[in-house]
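First to last, the protein sequences are chains A and B. Mapped onto my numbering, the consecutive letters of the first sequence carry residue numbers 9 to 256. Mapped onto my numbering, the consecutive letters of the second sequence carry residue numbers 9 to 256.
Calculated from the structure, these hints are not laboratory results. Just to be clear, a hint being listed does not mean it is correct.
Intra- or inter-copy, both count: the list cannot distinguish identical chains.
[Said to hold, decoys possible] Below, computed lysine-lysine pairings styled on DSS-like, alpha-carbon distance capped at 30 angstroms: (1) K26 with K155; (2) K137 with K88; (3) K236 with K195; (4) K33 with K167; (5) K229 with K39; (6) K155 with K137.
Protein chains: 2
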Amino acid sequence: MIFRFLSKLLRKHSKEEKRLAIAIKQIIGHKPFNLALYQLALSHTSASKSLQDGFKESNERLEYLGDAILGAIVADYLFKKYPFKEEGFLTEIRARIVNRESLNQLSRKMGIQDLIRYEGNPKSNFTYKSMGGDALEALVGAVYLDKGFHYCRKFVVRKIVLGHLDLDDIIENNQNYKSIIIEWAQKNNRDLKFEIVREEGSKHQRQFIAQVIIDDEPVAKGSGFSKKKAEQAAAEKTCRTLKLSSRP
Amino acid sequence: MIFRFLSKLLRKHSKEEKRLAIAIKQIIGHKPFNLALYQLALSHTSASKSLQDGFKESNERLEYLGDAILGAIVADYLFKKYPFKEEGFLTEIRARIVNRESLNQLSRKMGIQDLIRYEGNPKSNFTYKSMGGDALEALVGAVYLDKGFHYCRKFVVRKIVLGHLDLDDIIENNQNYKSIIIEWAQKNNRDLKFEIVREEGSKHQRQFIAQVIIDDEPVAKGSGFSKKKAEQAAAEKTCRTLKLSSRP
C-alpha cells in the first residue's frame, strides 16, 4: 500500500499526462491525486482497450457512478435552496439540470468535451451525441472517488451549478412541451397520442418524425435525432398551435 | 443559533417523542439529534397538516432527497463491490434494490412501516401501497440531513444492504420478466407488444389485466394492482410458456 503510494508520487508523468492534470485542475479547482481516474473518465467506449474477459476500460462504469452522485448532490442543493417548494417542483428542476441535453451543453461550456478520447470523425455531429454529457458524469464520479463526497459536492455546486447554470432561467423556461400538452389534455379530457410516423437516414444518422394526434386529428409534426426529440419538436409546435403557455 | 441549540437540548420531550427516539436509535444505530426530521420522515401526506400557502408538512420532500441519496450510496457500494462488472449489471442490480416493491419490503423488515403516521384504514392492503418504501427513503433523507453523508452511507450499507438484503440472491433471481422477453424478442426478431386489455374494480382498488402479444398472437395474460405488475405477471407466464430462463 505504502509502496504503491510512493511509486505513484515518484513516477514521472508524461507530457500528455501533465497537460491533462493542468486541464483537470482548471476544471475542478485542485490538482488531481489519482490522474488515472480522470483519464478513465475521459475515455469514450469507442477508444477503449479491451482487457481480458472482454472487459473494456472505458468511462461507462464511472458514468454510472457519477450520474448517481451528481443526482444526489443536485437534489440536496435544490432541497436546501428552496425550503418551501414541493417535491414535484424539485424533481422537475433537477430533471432539467441533469438531462442529457443540459449535460452535453455543460460539458462543452466547461471544456470537458475537448478532452475526451474517442474514435470517430470529430466533425460529425451525429457520432456519440451524448458523449459530452456522459464524460461530465464520469468526471463527477472520478472526483467523488479521488477527493470524497464533500469535495465533490463543492465542485458540483460551485463549478457546475453556480458556475454555469442560471437557475431562475431554468425555472422560468419550461421546455418540456410534451408534459405541458399531456397536462392540458388531461385537464380538458382530450384524447392525446404521440406517434412516430417515419424514420429516415442510416443506422448512425437516423432521424425520427413524430406526430401529435388529438381526438384522432393530427395537429403537428416534428423531427429530431431521437424519438424523444422528435416528440418534443412536435409538442412544441402543438403548444404554439393551441397557444399553450410554456410557463409553469 | 446557540440559543436554538441549547433550547433544543433542554426542551423536554414528550413520552411519544422519547418512544420515537428509541425506535429511531434501534433502526439507525444512534440517537437522533434533530428528532423533528424523523417525525417528518414518518408523516405520510394523508396525516399532514396544511400550513399557510397550502404548503403541507409531509415526508414528500424528504422522500425526494432520500431517494437520490439512497441511489447514490447503493451505486457507490455496488461500484466498489463489483470492480469488474459493467455498468449494465450495476444499473440492473441497483434497480432491483431500490425499486418500490423492494423498498416496501425493507420498510416492513426494518420496522419503519409501523412508525408511520397516516390517516386511513390500516387493515386495507390497497391504501397507499408505497407508503412504506416512501417512508424508508424519507428516513434516509432525514439521516443524511441529521448526521451527514458518511454516517448516512454507513447506515445504508450496514443496516439496509448488509442487514436485510441477500445480494447473491438478488443477482441470481432476475425477476424482471418483461426485460427478459424484450431481450429475447429483439434477439429473435419477433414483434412484441404489451397491452392493457382490461381494468377492473373501483378507483381505489383497481386491478389491471395485461396481455403479451408476439407476432400478433396473444401468448399470456396476467393481472395486478398496477399496470406494471400486470405486465410483469403476463411476462412471467410468457417466460414459462416460451421456456425462457430467468437467469441473467
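Structure-based check of all given hints:
In this assembly of identical chains, the alpha carbons of K26 and K155 lie at most 30 angstroms apart only when taken from the same copy (19 angstroms versus 39 angstroms across copies). Taking the shortest alpha-carbon separations for K137 and K88, only the inter-copy value of 29 angstroms comes in at or below 30 angstroms, while the best intra-copy value is 33 angstroms. Taking the shortest Cα distances, K236 and K195 sit within 30 angstroms of each other both inside one copy (23 angstroms) and across copies (24 angstroms). Proximity of K33 and K167 under a CA criterion of 30 angstroms is satisfied intra-copy only: 12 angstroms inside one chain copy versus 37 angstroms between copies.
In this assembly of identical chains, the alpha carbons of K229 and K39 never lie at most 30 angstroms apart, being 49 angstroms within a copy and 58 angstroms across copies at closest. Taking the shortest alpha-carbon separations for K155 and K137, only the intra-copy value of 29 angstroms comes in at or below 30 angstroms, while the best inter-copy value is 40 angstroms.
Against the hints set out earlier in the document, a violation occurs for number 5 only.
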